[in-house]
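> Here is how the chains run, residue by residue.
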Amino acid sequence: MSSRALIFDHSRAGRTAKVQHPQGLAAQVPEHLRRKRRPMLPEVSELQAVRHYTKLSQLNFSIDTHFYPLGSCTMKYNPRACNQLAMLPEFLVRHPLAPESTGQGFMACLYELQEMLKEVTGMKGVSLTPMAGAQGEFAGVAMIRAYHRARGDLARTQIIVPDAAHGTNPATATMCGCTVVEIPSLPDGDIDLEALKQAVGPQTAGIMLTNPSTLGVFERRIHEVAKIVHDAGGLLYYDGANLNAILGKVRPGDMGFDVIHMNLHKTFSTPHGGGGPGSGAVGVSDRLLPFMPIPIVGKEGDRYRWLDERDLPQTIGRLSAFMGNAGVLLRAYVYMRMLGRAGMQRVAEFATLNANYLFARLRQAGFEAAYPGRRASHEFIITLKRQARELGVNAMDFAKRLLDYGFHAPTTYFPLLVPECLLIEPTETEAKEDLDAFVDALVAIQREAEQDAAKVKGAPYTLPVRRLDDVRAAKQLDLTYQPAAAASAGS
Amino acid sequence: MPFIPHTETDVAEMLRTIGVPSIDALFDEIPAALRTRALDGIPEAMSEMEVARLMQERADQDGRPLNFIGAGAYEHHIPAAVWAIVTRGEFYSAYTPYQAEASQGTLQLLYEYQTMMASLTGMQVSNASLYDGASALAEACLMAVRAHRRSKSARILVPATVNPTYLKVARTIAEGQNLKFDILPYEQREGTTQRSSLEAYAGQDITAVVIQQPNFFGLLEDVDAITDWAHANNALVIAVVNPLSLAILKPPGEWGTKGVDIVVGDGQPLGVPLSSGGPYFGFMTTRMEHVRQMPGRIIGRTVDLDGKPGFTLTLQAREQHIRRSKATSNICTNQGLLVTAATIYMSLLGAEGLEQVAAACQQQTNKLVDALTKLRGVKLAFDGPRFHEAVLQLDRNVGEVLEQLARAGIVGGFDLSQQYPELGQALLVCATETRTDGDIERYAKTLAEVMQ
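Those protein sequences? They're chains A and B, same order as listed. Counting with my numbering, you get residues 33 to 523 for the letters of the first sequence. Counting with my numbering, you get residues 836 to 1287 for the letters of the second sequence.
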């Protein structure tokens, strides 16, 4: 079958969007530093580009077009106002290195965002600079290391991670020069405290925890976890991936965490953008204040200014060339102002209501809960191991068939310790009737699996492509377009 | 309730289905002592109309001064079509394309982006983006250590003409893994890397040499010679480049006899607004032989069950969600939406458009330098070939001059005196294609008044 056209297929020599650039100029570059052959960029009209990329956009599932219950990703509605107000022309043209006197309005927004995040997390300081959750994690673990080093406690290089953790946790520990110790979860989803007691010692830098965990349940003995780790001299890191579950209900600072990162693109509804930009603000307890990444917005009287190395000589340093994902921070700020105090507390309430409702309905329909004795948090796990064993239809098959029914699939095969799992997170912004329709779809797929397993295993059928050959993608690497004639053409 | 659709009837039915009396009961596994009472520090909710008013007031407070700073972020014209398409909900509110069949739009766009960036930089493969140029340099240094198996030193040579903030970020991110950065001085007359300083390292175990082109002063480095020196001394070469400049400058894949090994930079000049510092995106391209050491998402073309071509995330065995503590990086979410902007931007401009924009930037910067150096007390620090930035030296305090210019609505440049004290009262200025002759005249006139 023929492939969908690439932008390069529309190229004709000499064609560009002429209204977008000057003409007839020649750059002055010494011969030996000059480009000799033009890069292969599209040569298309403005309409051709607009039509091509508009059509590509229409091939995507997105929150604006589909229910998107991707567990652990908090795919809630991204209010349009947040985008429009972050893109006011004055904010867009502001150069990051312009004098502070020309950025007081922008800095006021960031300062107030820092203050609101402190309040809602119970932490003592916030730095907004990390550009994604994983960079927030990096900042957090780097601060933990800096704290131990500053005390001359050089042996603390081990980070404890539960087996249910996101892959970013152990990867981050490695990036910070730490080693990783994994501890198991109990059958009820809580951490194995005995294993934790065995794991801690004078080598322990800290523990990285998500609470509620990626198993979709709240770690009930969090105070004991905190005590064990603190008594051993380690610090507690809170992975804020699941902050939506507890926003306004419990504060990580009150749970005893020393450092947290928040995913503003999850909890505070900034866009996921097809894979970013994220934003991974970090919050810290008193003892980590001196180590926060810079820059931070400070306030003196009624004037805002950037705090840098001179203000925080023990800082772990800079993580980006300027101020992290500044425009994302403005979007989060607008969102928080529209929610306000009461709205923020409602986030966790309705995210949890939606998850528990969906959970209850799916169990009533015969789906098996991975942690049946537990309350769901803002997300929950069902396991399809029985369907896989008895019908030969696995979690991936269900996920792909859901696409045909017009739903984005939940997260599949994560966390790794639950076989054939779907991690389902509806978020608070979905209406009851959409949750009901999702249940109906899963029930229908279950029936299909019982009657005609091959049909489910062959899904999807209604999307731009059917199931793709991932093995071939990795073995016969095709990572850039190579026009057949280009090798000989040379322009 | 903002953005929550539930009616009272809905809530009652849902609670009945769950079998609990209230929403509060759903939190019964959380120890009571931990429950948050009030969030007194959070203000009451605002309506969209009210918050729009507030944000416009804040924006008005900052105004729209005339900008002459570059220093790693550049004000360019962005075609209206770019962000009109980027903010379509199908791009804006989708996530990482884990479900390939439901994400072919994003995936194909990323494949096209990888093709464009590989070609622009003269390399074979590109990833789907990193956070920004500075963190991309950090990742490139870590990647060089993995890719250069015979080098044990983890020592990276970095010219002082590399953006100093990029070096700071590289230190923050890479020093935890024991990378060492040695700084190469620049020629005081020319403002480019001192070639003779390399000789002190001849025969030593060096993992990689970084070259920024154009360098932080806007000047063109002798990239061929440094690349060849590095390769002759068994070091890899990491290029840091402005992607727009590559429309007119020799691509890193052609530097020296072999070309460089890794190319990184900030993609902001390609259709991304200044926006007070972000979000931008970092790009990275490399040779095919190093692709498995590259961090970040990579998209590949393959076929579906019917043999029809399609796109998917590939080489995921490098990544944190598979490899965990042994991954090439902890990066997960990248800067997809900004890459969307850059891909559309490059499609609209094409190679010819980018050349013209680059040439216009250079022309306007030359005019700016001519106009400002005519003033008494202003001189050009380095006179070599440049792209679109230049270093000026003033006979008075740069910080004070910049404040006075700001009061007159002009953002006059970046003060170099802290990071390069040896240059004295030095100012890095930039004019892109967006600065007209009239803008330049206004700057010169205002500066003359300030300098009187």
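What the hints contain is simulated information worked out from the structure, not anything from laboratory work. Accuracy of the hints is not assured; some may be wrong.
What the hints assert, rightly or not - Listed below are several chain B residues computed to face chain A (Cβ distance under 10 Å; list not exhaustive): (1) His841; (2) Asp859; (3) Glu883; (4) Thr922; (5) Gln949; (6) Ala973; (7) Thr1007; (8) Leu1055; (9) His1125; (10) Gln1128; (11) Gln1151; (12) Val1213; (13) Phe1217; (14) Arg1277; (15) Ala1279; (16) Thr1281.
Every residue gets a Cβ at the ideal spot worked out from N, C-alpha and C, and that includes glycine.
> Compare the structure with each hint and give your call.
Structure-based check of all given hints:
{"no.": "1", "hint": "His841", "verdict": "6 Å, holds"}
{"no.": "2", "hint": "Asp859", "verdict": "8 Å, holds"}
{"no.": "3", "hint": "Glu883", "verdict": "5 Å, holds"}
{"no.": "4", "hint": "Thr922", "verdict": "6 Å, holds"}
{"no.": "5", "hint": "Gln949", "verdict": "5 Å, holds"}
{"no.": "6", "hint": "Ala973", "verdict": "9 Å, holds"}
{"no.": "7", "hint": "Thr1007", "verdict": "3 Å, holds"}
{"no.": "8", "hint": "Leu1055", "verdict": "5 Å, holds"}
{"no.": "9", "hint": "His1125", "verdict": "12 Å, violated"}
{"no.": "10", "hint": "Gln1128", "verdict": "14 Å, violated"}
{"no.": "11", "hint": "Gln1151", "verdict": "8 Å, holds"}
{"no.": "12", "hint": "Val1213", "verdict": "19 Å, violated"}
{"no.": "13", "hint": "Phe1217", "verdict": "15 Å, violated"}
{"no.": "14", "hint": "Arg1277", "verdict": "16 Å, violated"}
{"no.": "15", "hint": "Ala1279", "verdict": "19 Å, violated"}
{"no.": "16", "hint": "Thr1281", "verdict": "15 Å, violated"}
When each numbered hint is compared with the structure, violations occur for hints 9, 10, 12, 13, 14, 15, 16.
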